[in-house]
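A.B. asks: Model the full structure from these sequences, guided by the hints.
So for the sequence shown, numbering that gives the first Met the number 0 puts the first residue at 0; every next one is plus one.
Hints were generated in silico from the structure; no laboratory data involved.
Yeah, the Cβ is synthetic: ideal placement off N, Cα and C, and Gly gets one too.
Careful, some of the hints might be misleading.
Said to hold, decoys possible - Restraint-style ranges between C-beta atoms, simulated for each label pair: (1) M138 with G69: 20 to 30 Å; (2) T182 with G40: 33 to 43 Å; (3) A100 with L51: 18 to 28 Å; (4) S145 with G40: 48 to 58 Å; (5) R169 with Q60: 29 to 39 Å; (6) R147 with V189: 48 to 58 Å.
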Amino acid sequence: MEIVKTFIISYNSTFDDLPLPETQIWLQDQKFISGIDPFYGALLALAFLFTLLTVLLSFVQLYYIVKYIGNHRIKTNFYFLVFMFPIAAVCNVSGMFIPRAAVFLYAFALVYLSVCLFAAISLLFNIFGGRKQMSDYCMKRNIPISFRITPLCCLSCLPYVPCTERNLQRIEWLVFQTPVLRTIIEVNSVVVFMELGHRSCRWFMLSQVVGIISLVVAFYGCYIMIPLAKVRSSGN
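C.D. replies: Here is the structure:
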């Protein structure tokens, strides 16, 4: 968000961010009840409707998780994943109606997404029974860990490494770093915002760049693990 804004508005310009209004003033200024533009009103209504459907579907999925999954560790991982889309949708829609809380809600949604990535990796381990069991399963069948995954599958310099417990732990840390780093970034962003009173600062652009790189690394770690999980699901 800050990166896009930087390309649109130069920090060296005389433009200042307008103060964010309270929700009541925001709705009154926009004439939300009677005079809102039909196009924007339709978009907000659709956003609210799809968010409501997403929340309802998550409770349906939660019902099947509670009913059909007996392993408590796997069930806990699914709890995080099943609420990923509802929490992201609720945070973003709420930010449209509560401007002052939009930045915090956006940050919370990103932190939760990062936690869900780690929950997905934990789920893969728990399907095998644990990290050690996954390592033993792959080592017995001579299944290596391949770093040549889409879109880097054409890079012959990327290695194949043995599926040892230590290597699996290293990949796990590739994913685990993003919720930790994202939390640190967002806490520092709140401190900087409270000190300066505005977001016209290079820190916010730099933090977003670091956060995106961290998220890409985490996605890469998840994609490395997917072929190993497919081996188990195929019954080999």
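A.B. asks: State for each hint whether it applies.
C.D. replies: Right, here's what the structure says about each hint:
{"no.": "1", "hint": "M138 with G69: 20 to 30 Å", "verdict": "holds (28 Å)"}
{"no.": "2", "hint": "T182 with G40: 33 to 43 Å", "verdict": "holds (36 Å)"}
{"no.": "3", "hint": "A100 with L51: 18 to 28 Å", "verdict": "holds (19 Å)"}
{"no.": "4", "hint": "S145 with G40: 48 to 58 Å", "verdict": "holds (50 Å)"}
{"no.": "5", "hint": "R169 with Q60: 29 to 39 Å", "verdict": "holds (32 Å)"}
{"no.": "6", "hint": "R147 with V189: 48 to 58 Å", "verdict": "violated (40 Å)"}
This entry does not satisfy hint 6, going by the numbered hints stated previously; all others are met.
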